[in-house]
Amino acid sequence: MTGPSLMDSLFQRSIDDLIKALRLSPPGTETAFVAKAIDEIRREIKSTDPHTKAAALQKLTYLHSLHGLDMSWAAFHSVELSSSSAHSHKRTAYLSAALAFNPATTDVLLLLTHQLRKDLSSPNVHDVSLALSTLSSICNTDLARDLTPELFTLLISSKVTVRKKAIATVLRVFECYPDAVRVCFKRVVENLENSDLGILSAVVGLFCELTENEPRSYLPLAPEFYKILVDCKNNWVLIKVLKIFTKLAPLEPRLGKRVVEPICEIMKTMGAKSLVFECVRTILTSLSEHDSAVKLAVSKVREFLSEDDPNLKYLGLQALAIVAKKDILAVVENKDLVVKALSDSDLNIRLEALRLVMCMVSEDNVMEICRILISHALKSDPEFCNEILGFILLTCGRNYYEVIFYFDWYVLFLGEMARVPHCQKGDEIATQLIDIGMRVKDARSQLVHVARELVIDPALLGNPFMHAVLSAAAWVSGEYIKLSRNPFEIMEALLQPRTSLLSPSVRAIYIHSAFKVLMFCVHSYLKLNGEESLIPSTLTDSELVSDVEVDDHNMIATNGQAPSASSVTHHLTQESLLALVNLVEINLGPLAGSNEVEVLERSTNVLGLIKLIKPMILGSLNDSEGDQTNRELKASETVKLIFDSCSEDLGPVSVNAQEKVPIPNGLVLKENLDDLEEICGDIKLPVLTSFSLVRPQFAEVSNSAECQDKEESELSTESTSLLAEHRKRHGLYYLSPGNAVTVSNDYPPAHDPYGKAIVEDEDLAKLTEKSLVTGKKPIQSKPRPVVVKFDDGEVTNVVTNRTRIKADLISDAVNEVLLGDEATTSSSSRRKPPKSRRVTEDSNISIVKLVWEVANTMGMVKRGDVEPQARIKNMIAKTSIKVIVGCMVSTGRGTGRIKQWKLKHQSFLIFFYSNAFLTKILRSVVVINILVFFSHWNWLC
Numbered sequence: 000m001t002g003p004s005l006m007d008s009l010f011q012r013s014i015d016d017l018i019k020a021l022r023l024s025p026p027g028t029e030t031a032f033v034a035k036a037i038d039e040i041r042r043e044i045k046s047t048d049p050h051t052k053a054a055a056l057q058k059l060t061y062l063h064s065l066h067g068l069d070m071s072w073a074a075f076h077s078v079e080l081s082s083s084s085a086h087s088h089k090r091t092a093y094l095s096a097a098l099a100f101n102p103a104t105t106d107v108l109l110l111l112t113h114q115l116r117k118d119l120s121s122p123n124v125h126d127v128s129l130a131l132s133t134l135s136s137i138c139n140t141d142l143a144r145d146l147t148p149e150l151f152t153l154l155i156s157s158k159v160t161v162r163k164k165a166i167a168t169v170l171r172v173f174e175c176y177p178d179a180v181r182v183c184f185k186r187v188v189e190n191l192e193n194s195d196l197g198i199l200s201a202v203v204g205l206f207c208e209l210t211e212n213e214p215r216s217y218l219p220l221a222p223e224f225y226k227i228l229v230d231c232k233n234n235w236v237l238i239k240v241l242k243i244f245t246k247l248a249p250l251e252p253r254l255g256k257r258v259v260e261p262i263c264e265i266m267k268t269m270g271a272k273s274l275v276f277e278c279v280r281t282i283l284t285s286l287s288e289h290d291s292a293v294k295l296a297v298s299k300v301r302e303f304l305s306e307d308d309p310n311l312k313y314l315g316l317q318a319l320a321i322v323a324k325k326d327i328l329a330v331v332e333n334k335d336l337v338v339k340a341l342s343d344s345d346l347n348i349r350l351e352a353l354r355l356v357m358c359m360v361s362e363d364n365v366m367e368i369c370r371i372l373i374s375h376a377l378k379s380d381p382e383f384c385n386e387i388l389g390f391i392l393l394t395c396g397r398n399y400y401e402v403i404f405y406f407d408w409y410v411l412f413l414g415e416m417a418r419v420p421h422c423q424k425g426d427e428i429a430t431q432l433i434d435i436g437m438r439v440k441d442a443r444s445q446l447v448h449v450a451r452e453l454v455i456d457p458a459l460l461g462n463p464f465m466h467a468v469l470s471a472a473a474w475v476s477g478e479y480i481k482l483s484r485n486p487f488e489i490m491e492a493l494l495q496p497r498t499s500l501l502s503p504s505v506r507a508i509y510i511h512s513a514f515k516v517l518m519f520c521v522h523s524y525l526k527l528n529g530e531e532s533l534i535p536s537t538l539t540d541s542e543l544v545s546d547v548e549v550d551d552h553n554m555i556a557t558n559g560q561a562p563s564a565s566s567v568t569h570h571l572t573q574e575s576l577l578a579l580v581n582l583v584e585i586n587l588g589p590l591a592g593s594n595e596v597e598v599l600e601r602s603t604n605v606l607g608l609i610k611l612i613k614p615m616i617l618g619s620l621n622d623s624e625g626d627q628t629n630r631e632l633k634a635s636e637t638v639k640l641i642f643d644s645c646s647e648d649l650g651p652v653s654v655n656a657q658e659k660v661p662i663p664n665g666l667v668l669k670e671n672l673d674d675l676e677e678i679c680g681d682i683k684l685p686v687l688t689s690f691s692l693v694r695p696q697f698a699e700v701s702n703s704a705e706c707q708d709k710e711e712s713e714l715s716t717e718s719t720s721l722l723a724e725h726r727k728r729h730g731l732y733y734l735s736p737g738n739a740v741t742v743s744n745d746y747p748p749a750h751d752p753y754g755k756a757i758v759e760d761e762d763l764a765k766l767t768e769k770s771l772v773t774g775k776k777p778i779q780s781k782p783r784p785v786v787v788k789f790d791d792g793e794v795t796n797v798v799t800n801r802t803r804i805k806a807d808l809i810s811d812a813v814n815e816v817l818l819g820d821e822a823t824t825s826s827s828s829r830r831k832p833p834k835s836r837r838v839t840e841d842s843n844i845s846i847v848k849l850v851w852e853v854a855n856t857m858g859m860v861k862r863g864d865v866e867p868q869a870r871i872k873n874m875i876a877k878t879s880i881k882v883i884v885g886c887m888v889s890t891g892r893g894t895g896r897i898k899q900w901k902l903k904h905q906s907f908l909i910f911f912y913s914n915a916f917l918t919k920i921l922r923s924v925v926v927i928n929i930l931v932f933f934s935h936w937n938w939l940c
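Letter by letter, the sequence shown follows residues 0 to 940 of numbering that gives the first Met the number 0.
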């Protein structure tokens with residue numbers, strides 16, 4: 000493509016013309032217009048005229064920002080235009096580079112190094128600012144290494160704007176090239192004492208970011224930060240300093256004692272809410288051991304909660320959430336304001352208030368709080384309703400249901416929660432139903448009752464959000480069928496025609512549960528009809544009949560046994576069993592040709608079992624002899640084996656169980672399988688939502704489900720009426736109706752619109768009067784059920800990344816600059832307990848010998864003196880060296896410091912010691928320098 004002609008350059012469209020034309024383009028033609036504009040830009044950007052090139056690059060940058068168009072092809076043109084002497088052209092080039100250049104992939108990035116160095120050294124402030132802004136956006140290791148000397152010079156620039164931007168750019172340079180810390184860090188620290196507020200704000204902001212990763216390295220700078228905290232009056236600078244102390248205070252307890260008083264003073268005197276909140280957060284997060292400061296912070300939090308401004312109220316709730324982790328009583332004291340916030344119009348405020356309410360949940364008030372929150376969820380919008388349900392499930396299930404004492408109530412509450420309108424927490428409810436069934440054996444009876452109420456309700460089958468709950472209910476009904484009062488009713492519910500609305504995976508669970516119910520009924524029938532010799536079982540006749548006394552009124556089994564065995568005894572006859580088998584065969588027969596593999600396989604297994612046991616049942620009715628006996632024996636043995644395999648309790652499995660399985664010899668788990676794609680490249684497998692032999696017709700099923708759901712919404716939601724209607728329409732698929740049994744519960748439902756449990760106009764303020772009162776625990780009538788746990792815990796092992804990240808490299812460089820040779824110590828040595836500051840006798844002797852050597856070098860003692868220790872003691876009392884030794888003794892670190900200083904400056908000392916006058920001057924300088932050095936070190940002591 001050739002460059003633009005003279006006429007094209009004269010009539011080139013500007014950025015304003017492009018924007019106007021783009022806005023006036025007809026709907027649907029925007030893509031074509033942009034493509035045409037890109038073609039024009041490609042021609043114009045090749046022009047040798049800098050004005051034409053700058054206009055083209057400006058338009059390309061606009062389209063890149065607005066439409067995300069790729070402009071990597073114009074990277075070289077940006078570099079080329081950056082060398083222009085015109086500031087407007089340079090600004091366009093640097094802007095396009097900052098937006099489009101990728102530090103990792105842009106090849107021409109290094110071509111910009113020379114121009115950036117030239118602009119960083121320019122006397123023009125605007126050019127320097129452009130170069131610094133661009134460097135902070137596109138910096139990589141090479142650029143940071145090559146431009147560190149120029150940045151080092153700009154850190155002491157006399158121009159405030161340049162110095163502020165240079166300090167801000169240092170952070171990016173340190174991240175890309177940690178060795179730059181050794182060059183620039185001292186000058187950055189010097190800017191902490193600058194009187195200009197802009198420079199001080201920039202350097203404090205830099206340290207605020209640096210302390211996020213490794214704050215321990217910046218502890219030696221605590222005196223400078225403390226001075227800023229006390230002297231500075233700018234709110235934003237103080238906020239950043241407080242953030243720094245939030246990181247430093249937990250590392251050094253003595254630091255907290257020094258800063259807590261200034262922070263409390265700021266909190267009392269300052270009126271800026273942002274600064275007061277930062278003080279509150281600093282105290283609650285890092286200074287919580289200071290009780291007086293915490294009380295003051297909590298009082299300020301209450302002021303935030305009482306404000307009408309939603310922003311301040313939200314900040315107050317966040318501060319309460321911080322203090323709730325350590326002191327829940329502070330939250331209880333403000334419970335009236337927290338509960339009031341649940342009815343706020345702002346969703347974020349309601350969520351924070353809900354988190355705080357759930358923090359106050361305990362074993363004593365969980366039932367009352369959950370009851371009132373469910374009532375509030377019914378009156379809330381769908382989004383907040385599901386948030387309430389999610390928080391309830393998360394809190395009640397935390398740490399193996401530690402706040403749940405009455406599991407019968409909680410299981411019933413889960414069933415009521417699943418029926419809440421707009422409930423979309425089906426997966427979480429289903430998980431907890433199954434988990435409680437496996438962990439809490441005493442709750443299985445009530446769990447079976449709740450599962451029965453769910454599976455017999457046809458109205459729930461049309462709700463897609465309920466499918467997970469129905470899946471769990473079906474699994475519970477089949478797994479613990481021996482605890483059910485009426486297995487025949489469960490079988491009807493599992494095979495009702497409306498189960499076609501379920502997804503294939505859920506329907507497969509329904510069929511498998513029906514298989515378990517059938518096996519239980521057949522096994523119980525054989526046990527109760529004199530087949531003990533053929534089928535030995537873990538259940539004895541006395542367990543099935545004698546030891547189980549059922550209260551028909553309350554459905555409570557005595558002696559810890561289930562109420563189902565007597566029901567099975569009354570209903571299991573030859574005719575009823577044959578009717579049950581026929582019911583299963585009629586309903587599952589059409590599914591033998593299903594397109595879904597899971598449904599097909601499970602239904603075929605059940606039909607195969609029926610084919611095996613049905614002749615045995617018919618043979619028992621006809622009372623035939625001969626070869627029929629052998630067939631019955633084989634069928635009975637098969638039933639016994641299947642029942643035994645299904646009757647074993649399933650327990651929870653630890654998430655770490657897989658790690659305990661030994662790896663077989665010869666199995667290479669880390670084998671490279673990259674060649675597998677080349678081998679199987681020609682094979683294209685269809686992507687389906689579920690595995691199927693043929694393509695399933697989900698669209699028709701979903702459409703029919705939606706239609707039926709709309710029709711059903713117009714009908715009554717009463718489960719009994721819908722079940723009766725289906726009995727009339729599909730009488731062939733149902734057994735003859737038996738006597739209905741009225742079942743009551745020990746606990747009231749979570750939401751009863753017709754009862755007295757919840758009054759419609761109940762105010763949430765009652766929550767503060769009844770539910771959140773901490774007092775004596777009520778005397779429990781029975782012990783808490785046993786919850787199965789694992790000794791090794793169920794926490795997934797987290798593999799730590801041992802590679803050194805750049806933040807560690809920065810901290811190492813900072814330590815080296817601030818502490819010298821002490822920075823070479825390992826991180827493990829830093830965690831050792833600090834040594835006593837008392838200097839031992841040996842160290843005193845070494846110090847005296849060192850002072851003797853220094854004094855000998857300075858000519859203060861005679862070479863032939865044979866009593867160095869006595870001579871030095873007298874000398875220390877009369878000369879300024881006493882101050883030096885005092886500093887060394889007070890810190891316990893002086894020996895290494897003086898040796899290092901002596902070796903480094905020995906030649907320099909010899910020159911001065913030859914002159915008596917200069918020697919006196921040197922003594923004063925040494926004393927002053929050492930005092931200044933140790934004053935910083937002793938600041939925290």
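A few of these clues could be false.
What the hints assert, rightly or not - Here are the in silico distance ranges between beta carbons for each label pair:
1. Ser504 / Pro614: 54 to 62 Å
2. Asn655 / Gln423: 26 to 34 Å
3. Arg397 / Gln423: 17 to 25 Å
4. Ser291 / Ala656: 48 to 56 Å
5. Ser298 / Arg116: 55 to 63 Å
6. Leu393 / Glu288: 24 to 32 Å
7. Asn655 / Leu393: 19 to 27 Å
8. Arg397 / Ser291: 27 to 35 Å
9. Pro102 / Glu39: 28 to 36 Å
10. Gln423 / Asp308: 49 to 57 Å
11. Thr603 / Ala34: 52 to 60 Å
These aren't lab readings, by the way, just hints derived from the structure by calculation. Every residue, glycine too, gets a C-beta built ideally from N, C-alpha and C.
Here is what the structure says about each hint:
no.	hint	verdict
1	Ser504 / Pro614: 54 to 62 Å	33 Å, violated
2	Asn655 / Gln423: 26 to 34 Å	31 Å, holds
3	Arg397 / Gln423: 17 to 25 Å	21 Å, holds
4	Ser291 / Ala656: 48 to 56 Å	50 Å, holds
5	Ser298 / Arg116: 55 to 63 Å	56 Å, holds
6	Leu393 / Glu288: 24 to 32 Å	30 Å, holds
7	Asn655 / Leu393: 19 to 27 Å	22 Å, holds
8	Arg397 / Ser291: 27 to 35 Å	33 Å, holds
9	Pro102 / Glu39: 28 to 36 Å	30 Å, holds
10	Gln423 / Asp308: 49 to 57 Å	32 Å, violated
11	Thr603 / Ala34: 52 to 60 Å	58 Å, holds
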